[in-house]
Amino acid sequence: MSILDVEGLSKSYRQAGGESTLAIENISFQVNEGEFVSLVGPSGCGKTTLLMCMAGLIAPSAGRVVVKAAEVDGPPRNLVLVFQEYNKSLFAWRTVLGNVLFGLEVKGKPAREAEEKASYLIGLVGLDGFERHYPWELSGGMQQRVAIARALAYEPEVLLMDEPFGSVDAMTRLELEDGLLRLWKELGTTILFVTHDIEEAIYLSDRIYVLGRRPSRVIQAVEVRLGRPRNQLTTRADASFMELRNEIYKQTAPRLSSGW
Amino acid sequence: MTWSRESKLNGFLVLLSVMAAWELVSRTEMLNPLFFPPMSKILRSFFSLVFSGEILAQILSSMRRAAAGYLLAALVCIPLGIIMGLFNSVYRALEVVIETARPLPPPVVVPVAMLFFGLGDGMKVFVIFFSCLWPILLNTMDGVRNIDRVLIHTARTFGLSQGRAILKVILPAASPQIMTGLRISLAITLILVVISEMVGSSDGIGYFILDSQRRLKVDQMYAGMLSLALLGYLLNQLFLLFSNTFLSWHRGMLRSDK
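Chains as they are written, first to last, in my numbering: chain A, 1 to 260; chain B, 1 to 258.
Just so you know, these hints were derived from the structure itself, not from any lab.
Bear in mind that the values here come from a model prediction, so they are computed numbers and not experimental data.
Don't take every hint at face value.
[Said to hold, decoys possible] Listed below are the simulated DSSO-like cross-link pairs for lysine-lysine, each with C-alpha atoms no more than 30 Å apart in a straight line:
(1) B:K41 - A:K107
(2) B:K8 - A:K117
(3) A:K109 - B:K168
(4) A:K68 - A:K109
(5) A:K107 - A:K185
(6) B:K168 - A:K88
(7) B:K41 - A:K68
Produce the complete structure using the sequences and hints provided.
In structure tokens form, the structure reads like this:
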């Protein structure tokens with residue numbers, strides 16, 4: 001059953017000269033309940049604009065976003081967006097525990113229950129023992145785990161993630177990918193994951209929507225039929241992984257096959 | 001900045017040397033001891049004023065006015081600064097007025113305040129209020145304007161209403177800079193309470209210093225200045241204690257950036 005529907009979404013911006021440019025044009029796709037879906041596209045193709053519309057943070061110029069049969073016209077209660085810039089998104093004045101408690105406080109959960117929930121999630125993202133630390137005392141990968149735990153503590157039905165692993169080093173990135181898949185399996189939250197890394201998208205997802213250059217549209221929908229649980233070594237070496245990778249590369253960067 | 005125990009000790013030694021030199025200059029009459037009494041006499045005067053309770057009474061009158069003007073300024077300017085920081089239209093509407101009024105040296109409003117409030121406490125509170133406005137207002141506004149968009153979006157994606165976002169996200173995020181404004185205004189408060197008490201008052205530490213000078217009780221005048229210096233030092237230390245406790249996260253963050 002579809003939980004997230006994007007229907008004919010367009011967004012144009014007015015530029016300094018008064019002209020308006022189209023960032024995204026007529027984008028439509030859907031995500032089913034419990035799925036892990038990725039959006040891939042080249043840098044600057046309007047992925048962030050699309051996510052902001054979906055999270056109800058900016059209004060689209062045309063089209064609509066429907067979450068659980070309700071049209072989005074402001075931040076929906078059952079959806080949270082995780083940002084790439086964890087260092088700007090975390091509350092520097094709150095400890096790890098304080099950050100994770102944030103969404104629960106907003107919801108008005110009783111303190112005791114909230115603390116239990118927060119501790120559970122801090123454990124799930126592997127940060128036990130760091131509850132009293134401040135974000136700046138942690139590495140980048142750990143900070144993003146705090147941001148993910150904070151988002152999940154809010155108990156969203158849909159989690160939107162905007163290139164969440166884009167600012168961490170390659171090794172940490174692989175660990176975070178596996179950690180995210182474990183969380184997803186444990187909690188069953190529907191995840192829409194935005195990245196420009198095609199292999200990351202294949203590794204994580206059930207389905208991938210490939211976006212073209214600005215103004216971006218969905219140019220391809222790819223079903224990923226790789227088994228789970230996935231493995232950074234064997235899954236990425238799988239023949240069908242390679243096949244998918246090549247297929248998407250051909251779509252997004254046709255020059256790759258022909259050289260300069 | 002950290003002071004080693006040694007450099008603090010050196011600081012005290014320098015202070016003692018200055019006091020000894022003062023004593024010498026006065027005793028040898030290099031400066032007229034009538035205007036420049038020996039340090040020992042000033043200290044004797046200071047302690048007798050402290051023990052008689054007179055200094056404390058004067059300081060309390062001054063502090064009451066200072067606190068009223070300072071807190072009033074904080075109460076008005078922090079909310080106004082937040083609104084100006086959040087809404088560009090409010091900022092633009094007020095910008096010209098603020099930029100015109102701000103360069104006025106605060107003592108200039110003393111005569112105006114005297115017209116409206118006479119020589120009573122109202123005049124002093126108003127003068128202090130007026131001079132404390134700008135640092136608090138402008139720092140709060142800047143602090144709010146400099147908050148990263150991502151942080152605002154984060155508050156919104158968690159479903160916070162604007163009012164709750166101000167309390168739970170905007171105020172704490174801007175608090176280091178608000179604290180800077182409050183600290184600058186604290187120093188200004190001390191200057192203005194003294195000035196306004198010298199212009200027209202029958203009590204307070206500013207009055208006490210001027211009155212001692214007029215009655216040629218010069219040692220008392222210096223004793224009053226000494227107590228004012230100590231008061232300033234104490235207030236600053238109290239403020240640092242408060243802000244270090246309140247902003248410990250921020251100090252740690254700044255240290256970790258280096």
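Does B:K8 pair with A:K117 here, judged by a C-alpha cut-off of 30 Å?
Status violated; Cα separation ~49 Å.
Are B:K41 and A:K107 close enough, with their CA atoms no more than 30 Å apart?
66 Å, violated
Holds or violated: A:K68 to A:K109, with C-alpha atoms at most 30 Å apart
Holds - the C-alpha atoms of A:K109 and A:K68 are around 23 Å apart, at most 30 Å.
Does B:K168 sit within 30 Å of A:K109, going by the straight-line distance between their CA atoms?
This hinted pair holds, its Cα atoms lying about 16 Å apart.
For B:K168 and A:K88, compute the direct alpha-carbon distance and say whether it is at most 30 Å.
It holds: about 16 Å lies between the C-alpha atoms, which stays within 30 Å.
Would you check the hint for B:K41 and A:K68, treating anything up to 30 Å between C-alpha atoms as holding?
Measuring from Cα to Cα gives roughly 83 Å; hence the hint is violated.
Given the hinted pair A:K107 and A:K185, is their alpha-carbon gap at most 30 Å?
24 Å, holds
In terms of the numbered hints stated before, the structure departs from hints 1, 2, 7, listed from lowest to highest.
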